[in-house]
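Mind docking chain Z on chain G? Use the hints.
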Amino acid sequence: MSLHPALIAFFIIALAILSAAISFLTLRKVIYMALAIGAVFIGCAAVYILLGAPFVGIAQVLIYAGAITILIMFAIMLTNHEEMEPPFRWTLQNGASAAFCVLLAAALLWIIRSQAWPAQGGTDINHGRSNPAAIGLELFQHYTVAFELVSLLLVVALVGAVVLAQARKEDE
Amino acid sequence: MAWLWQWHNAGLSWLPFLGMVIGAIVVLLIGLGVVTYEIYFERKVLGWMQGRIGPNRVGPLGLFQSFADILKLLIKEDVVPEKADRSLFLLAPVIAFIPSFMVLAVIPFSRTHVFTANLSIGALYYLALSAITIHGVMLGGWASNNKYALIGGMRSAAQMLSYEIPLGLSLVGVVLMAGSLNLNDIVSAQRTWWFVIPQILGFLVFLVAATAELNRTPFDLPEAESELVAGYHVEYTGFRFAFFMLTEYLYLFAMAGLAATLFLGGWLGPWLPGWLWFAIKVAAFIFFQFWLRATMPRLRVDQLMSFSWKVLLPVALLNLVITAVVKAWV
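From first to last, the protein sequence lines stand for chains G and Z. Those letters in the first sequence? Residues 130 to 301, by my numbering. Those letters in the second sequence? Residues 44 to 373, by my numbering.
Bound conformation, chain Z alone:
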């Protein structure tokens, strides 16, 4: 997809354009497939950790459970509340979903970079686009004209904005060490060692901020079932609700890809092919998130903000200063 931004010096012919379209469709299909089985494995892993069996009715070992759920969501009635702001209510899931798919464009899935945009600002591109999703969440909560949805929307906007700052700062250490914002260059810079070793402080900040950015336990306040019913998407039904869920799980996949790229060496690794290494690292990150969900209780809303500003931000800044000093004088 790198051709897309080089029209002015390369000229656009039909073949690269076709390649771009096919690439986008393939990445979309990969994303949808990953999301389908993320949900299945989340339920299986949670069941296993809680001494239950988990889904096992549809297909062998319950492997088709997610397809059945998707089918159910698609054929449900699409309800728009009477007092809702109709056009914004219909638009919000679209605004939330589009960036979650667009960020996949810069994730280097494999050694050959078939479907990866060689963007010189890849890391920043991810951060900038994931901020657009906050609009969708917030507008969805507001347009529903429901107090729980509004509180959930405001909470998630505040949370995602605050945690984006430590997330961005934790990346800067990696960018300093690699000397580039291009995700492909960052992977190549990890040939001697993965950045998780020299950047362990940055990685820990990244891990916490990423969990908060994904609205997952212990930071799932925007969707706290016990106090907010379900947060910003409480009024949504059918395939619009499915879009919000798809956004969430697509971001889980993208964030896992980003973590693997920035800290775990991306597709680098001995013996196995690059895409398999990448898949293993992504699966490990996703499993870690499910594990956290089964283990941790939820934070209180007043602890949430102060933790971001008073703990994560100073630690990220400290990591940045140490990295800069070490890079300059060692």
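Just chain G, same shape as in the assembly:
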């Protein structure tokens, strides 16, 4: 295997994602954990960009690293100022979850290894167009119904959130 620049970049990004994820699990202060999950999101965005899908990558930064991480921080700041997790102890539940996680990782690894993936650089996922144009055409030509259903779902969620917020105000 030759050391293609994209491969080197992938390993650097993967290392960054893994270290952010591990620090997310080991840090005890909730606000640090929010920052670590933001770093994980940005690392995933870098992987998408590396794979030739900059639209997906930037949407990931905009929605996950931007909006959702800030919402998490808002929730932390509005609740407990010095929120700390208690130190870790091995219990039956923790042991069972750890065993299940190892099983899940093994299953995922087995499935990924058993697939025949297209060779490196074999196909252009954008079919020679720019990435947002390729995604738009794909969405509106092949997945129109699914796309419209998802937007309907989001509208329902939005209206539902407004209704919930409204009802609580009347109670007070």
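Hints listed in this document are in silico derivations from the structure and should not be mistaken for laboratory results. All values reported here derive from a predicted model rather than from experimental measurement. Fair warning: there could be bad hints in the mix.
What the hints assert, rightly or not - Heads up, simulated DSS-like pairs for lysine-lysine below, C-alpha to C-alpha not over 30 angstroms straight-line: (1) K126/Z - K158/G; (2) K353/Z - K370/Z; (3) K190/Z - K158/G; (4) K119/Z - K190/Z; (5) K115/Z - K190/Z; (6) K115/Z - K126/Z.
What follows is chain Z alone, placed relative to chain G:
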């Protein structure tokens, strides 16, 4: 900097890499130079509008005033409050600053695009990265462990998040007309007329939302001196404070570049070279912001949110619908 995202099909050799590094350094130096004189001109313009002289002691016409201020900030003691969250307090200015410099990568400064990334999603890239700065502002306010800083940080996070939505929607009209998110293509699409004419509604929404996004008067609630002391950076001193100020003025430059690119035809214009046209348009936007600061009183905090959601957002949506209908049937 376009090469950066094409490793997988172009391969990376030393020469393009060197070009990228030099480009980044040149853009950083341009940014720093612009920020230095933005501050000088802000003080001069404000002084002129208020019947004062403004800075005139350091150098001829006070031209070196900003350098003296920067030197003063750099040699000041770097104070970290004892009860502050030390690591976050040190990290927050860095998180705030990095995106403000990164957004300059997609701004097309000139006709030749020497230092411009030809990113297919340039407009979205700007919006996404400017959202990262909110983390820095919010964490800075929280880590200071000061009630004014916390309120300022929360206010600016709420304000910047709410105004990012009308800002993004006002861009969609331009993107629809140009048929591309690439800022270079958007400039080329304005050869017949600048988008400020057909997109006047979108431009007005953009102007208001951009002012709010930059935390400038009349939307400077996060830094309201009279009620919050100075907002999220009240505990910061020395060069960390300088980083927050640098972020703010670098965003002013970047936002002016974005406005010029999207609505005012970027580097397009007769007779003069492209970079000069771009500089003139950017300077006009920046001057407009200073003018606003000298003219407008501050909004109340309860008016701020409802204005974004109940006025700007519907107007931006209306503009989007009109643009889509006109584009489809006319």
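Pairwise hint evaluation, K190/Z against K115/Z, where the allowed Cα distance is 30 angstroms at most: holds, 27 angstroms
Straight-line Cα separation of K126/Z and K158/G no greater than 30 angstroms? holds, 16 angstroms
Can the restraint linking K353/Z and K370/Z be considered satisfied, given a maximum Cα separation of 30 angstroms? holds, 26 angstroms
For the pair supplied as a hint, K115/Z and K126/Z, is the alpha-carbon distance within the 30 angstroms limit? Holds: K115/Z and K126/Z sit about 26 angstroms apart, inside 30 angstroms.
Agreement of K190/Z and K158/G with the hint, judged by alpha carbon distance not exceeding 30 angstroms: Holds, at roughly 20 angstroms.
Holds or violated: K119/Z and K190/Z, Cα atoms, limit 30 angstroms. holds, 24 angstroms
Checked against the numbered hints above, the structure breaks none of them.
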